[in-house]
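K.L.:
Take a look at the letters that make up each chain.
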Amino acid sequence: TQLLEQSPQFLSIQEGENLTVYCNSSSVFSSLQWYRQEPGEGPVLLVTVVTGGEVKKLKRLTFQFGDARKDSSLHITAAQPGDTGLYLCAGLTSGTYKYIFGTGTRLKVLA
Amino acid sequence: ETGVTQSPTHLIKTRGQQVTLRCSSQSGHNTVSWYQQALGQGPQFIFQYYREEENGRGNFPPRFSGLQFPNYSSELNVNALELDDSALYLCASRGEGLWGETQYFGPGTRLLVL
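As given, the protein sequences belong to chains A and B, one line each in that order. Be aware that the first sequence starts at 1, since it is given in the numbering used here, and climbs by one per residue. Be aware that the second sequence starts at 1001, since it is given in the numbering used here, and climbs by one per residue.
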């Protein structure tokens, strides 16, 4: 059974701090996506990474895909209260059709 | 705004009843997936439809079934509801986005089984 584990599960930080969320698996993924989900809404895609070692930046968010395409990280610089939400990673295995979601990291940024 | 809508937004049922949840995908998106998200967890894949045919299924029993229609709408049906079926049910249509193939999620239907 494929499993994507995220850490930490919960994170509460002050505005302006930096943080990193990790997504780890023993499986190799052809692509990996990061989503943010807010209460009462569905997940919204932030980024897709495809190539091992790839780094993508989206304003204050930096996403990295591991060299072996088994893990990924999301780093947020100078967190803001608007970053509060549930962060989910989701991996797609080559030759399959379904995305496996991680366990989620619930982030709260205090003003 | 993803262009994917779901109805109803909330639903309360009792154990043993049947329920139908609806999803309207973006026009032109031929693939729709359904997920179950229990409180505090990530979404779990239920099944996927492509052009009205089921082409993939997760680890869910047969009492979870679905339909997809030519007008890009779809249904998730759950028979013989159990207490553990209480969850947020999400549908997602697939299309091209900024990063390549993208899943566009609806806001979900929150189901409570008593």
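In case anyone wonders, no lab produced these hints; they're calculated from the structure. Just to be clear, a hint being listed does not mean it is correct.
To be verified - Derived pair list, reagent style DMTMM-like, types lysine to aspartate or glutamate, alpha-carbon separation capped at 25 Å:
id, chain 1, residue 1, chain 2, residue 2
1, A, 56, B, 1096
2, A, 70, B, 1101
3, A, 98, B, 1085
4, A, 70, A, 41
5, A, 70, B, 1084
6, A, 56, B, 1085
7, A, 57, B, 1082
All of these numbers come straight from a predicted model, not from anything done at the bench.
K.L.:
If a hint holds in the structure, say so; if it does not, say that too.
P.N.:
Going through the hints against the structure:
no., hint, in the structure
1, A/56 with B/1096, "18 Å, holds"
2, A/70 with B/1101, "20 Å, holds"
3, A/98 with B/1085, "21 Å, holds"
4, A/70 with A/41, "28 Å, violated"
5, A/70 with B/1084, "31 Å, violated"
6, A/56 with B/1085, "37 Å, violated"
7, A/57 with B/1082, "43 Å, violated"
Comparing the model with each earlier hint shows violations of hints 4, 5, 6 and 7; every other hint is respected.
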